[in-house]
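Each chain, letter by letter, is given below.
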Amino acid sequence: MEAASVPSQRATAPRRTVWDYVSNYGLIVLLAAMPVYFAISDILSEEDNLSRLGNNLVDGLSNGSIWALVAIGYTLVYGIVELINFAHGEVFMIGSFTTAAFFGFLGLTQGTSAIVLFFGLLLTLLVAMAASGMLNVMIERVGYRPLRSAPKLAPLITAVGFSFILQNVGLLWYGGSPRGIPDLISAQKQLVDIGGVVITNGDVLAIGVTIPLLLVMTAFIGRSRLGKAMRATAQDPEAARLMGINVDTTISLTFLIGGLLAGSAGLIYALYQTTIWYFQGFTAGLVAFTAAVMGGIGNIQGAVLGGFIIGFIQQLSDNRIQPEWTNAIVFVYLILIMVFKPSGLLGEQTREAG
Amino acid sequence: MSTAAPQEAAAAEPRRRLPNRAGMPPWVEKVVVPVVFLVAAAFLPFLFDSGANFISTCALALAYTVMALGLNIIVGFAGLLDLGYVAFYAIGAYAMGWLGSGFFAHVNDDKGWHVAVTGFAASLPGIHLNFLLVLVGAMILTTIAGVLIGLPTLRLRGDYIAIVTLAFGEIIGKAAVNSDEVKLSGFPIIGGWLGDTFGQDQAVTAGRQGITPVDKVDLPFVDVFTSLNQRPWYWLALAMVAVVLFVNFRLRDSRLGRAWVALREDEVAAVSMGVPAVRTKLLAYGTGAAFGGFAGAYLGSKNNTVNADQFQFFFSIYVLGMVILGGLGSIWGVVLGAITLTFINYELLPELRDWPSKVGLDFDVSEINFGIYGFLLVIMMILRPQGLLPERRRKMELTVEADTHDESVYAARA
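Taken in sequence, the protein lines are chains H and Y.
For the first sequence, the residue numbers in my numbering are 6 to 359.
For the second sequence, the residue numbers in my numbering are 31 to 444.
Bound-form chain H, shown alone:
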């Protein structure tokens, strides 16, 4: 990421004002269009209240928290090495698979008592995070580090290569079709009902794991020495090296953090959806990267915001339009964001987005 921005190439003054206006507010109007449309149509229809939209929002936020955790991995890695880590979605998938395997190992079932279940899940979370984190570090070490001075596209291709390899690992591990895992937390069980908006166990788990992790992560990157080193490397690796920062270690650390968060997202996904399959990482990767770009790449808060927004859009599309078209709609949004505000919602002007 570079602080200095490329000078604007737009020439005529009046057009520029209009375009600036569009690029500042167009995106917000665009994002608000779908919820507002459905809100109005709900009120006008016989339902006459917004509880359906509220339910969409709650489900969207729960799904969105998974995308947010995965998106942070993309945004951190992109911020520091300018590489789309295509294997990241598969790292998330391996997190889910580790979760499922470790449930079997611990012998957790729906009948397990609450206190055992709590510590079992906590342990599983740590194991899944560790597995995904180590995997991500290993991929960087084997696939990306030898290619640092190579053309930029070379690591992109190894990333895709690793993505294929990991998909096949998943395929051999749990077979080719989606596989159910025990619904340990009764994810769809209603916990509270606020004016028709149902909050389930799954929603509480998703938000309850995501928010603390995000706070810890933001504090780590904002306050700690290592976090400062990460930001310095992202800004200017050469200068960071001259200041005595070990750039290699810092990059490994970035991949480790990204992997840890992807592992936790894998656990939430497994518990929330109660099905896993080897191809889940591919779509998750594309969606999460979209979220990262939407929020402004390199920006952690942006990735979280983007994740929640995408989750909401997906939920609206699943629930109101047609599930088959959901991904296409997400990508249409991505292209529109790129047209209106290439730097994303919270991103600064960067060289790439310039």
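Simulated from the structure, these hints should not be mistaken for lab results.
Using N, Cα and C, we set each Cβ at its ideal position, and we do this for glycine too.
Mixed in with the good hints, there may be bad ones.
Chain H regions said to be covered by chain Y (calculated; three or more residues, Cβ under 8 Å) [stated by the list, open to error]:
#, segment
1, 80-90
2, 104-112
3, 166-173
Which chain H residues face chain Y? A few, computed with CB under 7 Å, are given here [said to hold, decoys possible]:
#, residue
4, Glu329
5, Phe336
6, Ile340
Use these hints to put chain Y onto chain H, whose structure you have.
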């Protein structure tokens, strides 16, 4: 706009000492190698049975070469990373499926429309255009699609272009899968007319089921192709490669080609030298896309099906892999890369299927084809990141580490 003089100036500089070639003098690269390659390739089918599987694979390799050369214009020459090339394959193949099959069975009161077709297809319902007309249609459609996808990426650079093109490819792929539920008669405004013309139940695509059968290639003065005799398919693909090679060499050494390279190397400098960025980039997308449609229409006819499952993200990576493995921007490198990857996919991986049983293991290798392919990609990139036959200009860039403006850890050389 008068841009001629600054462009000449921008182009004159690399001419001085860096010939833009893979280490060969120009007459060798542009005359001797192509003639030897094409003549040798033209005689290859006589060594095999006319229906041989091997010749079919070779024809596929040549069709993929056309695509890879098209993508090379976008990624290699102009430096615009395109991860959605599959969209152009899809559009080309659907042009073939729509204009050369019985898919629109109800047109003209079930009698069909026929333009310059001979043989069996002339008596079938549906739209049947001559293959050459389909090719023109496919190229027009894909050029429009290429320009359309180029427009939102004009303000973007690097990986942002990659992600927008990827999104575009995915949208086209999803639309191909899901549009079997979408009825032409349900379109707003023109739906009534479409319903009257094509029948009320006519869908837009055939989704995963696929449009099949598709008309075989029907050229003037030649018998209609059949799947039993693979030689004509092979020769047609070879002729397409020859045309595309010629166009590629001419474009690369033209003013437009130099403008592409200038934009790739330094956009700000190129623009301030008077290179029209918008027009130049859109021409790169349009030309590259047209080749994709060219090969797509051919593959639709050769595969005898236009099936939404063919148009997945993997295909974009497959073609991009050919370009990068061969060497970005290097025309002969890309040809080599395309042939290598096609043979790995169609000959080497099926060959591997027998290995476990030979050593007494009960294990299905076809299940992990993707993994092996991924492993090979990783190994090839680590061993030879610059590609098999790197372009001379890039080779020099890689060895010179004097980048002052470049602050990425992975040197930002697209």
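Taking the hints in turn, this is what the structure says about them:
no.: 1; hint: 80-90; in the structure: holds (count 6)
no.: 2; hint: 104-112; in the structure: violated (count 0)
no.: 3; hint: 166-173; in the structure: holds (count 7)
no.: 4; hint: Glu329; in the structure: holds, 5 Å
no.: 5; hint: Phe336; in the structure: holds, 4 Å
no.: 6; hint: Ile340; in the structure: holds, 5 Å
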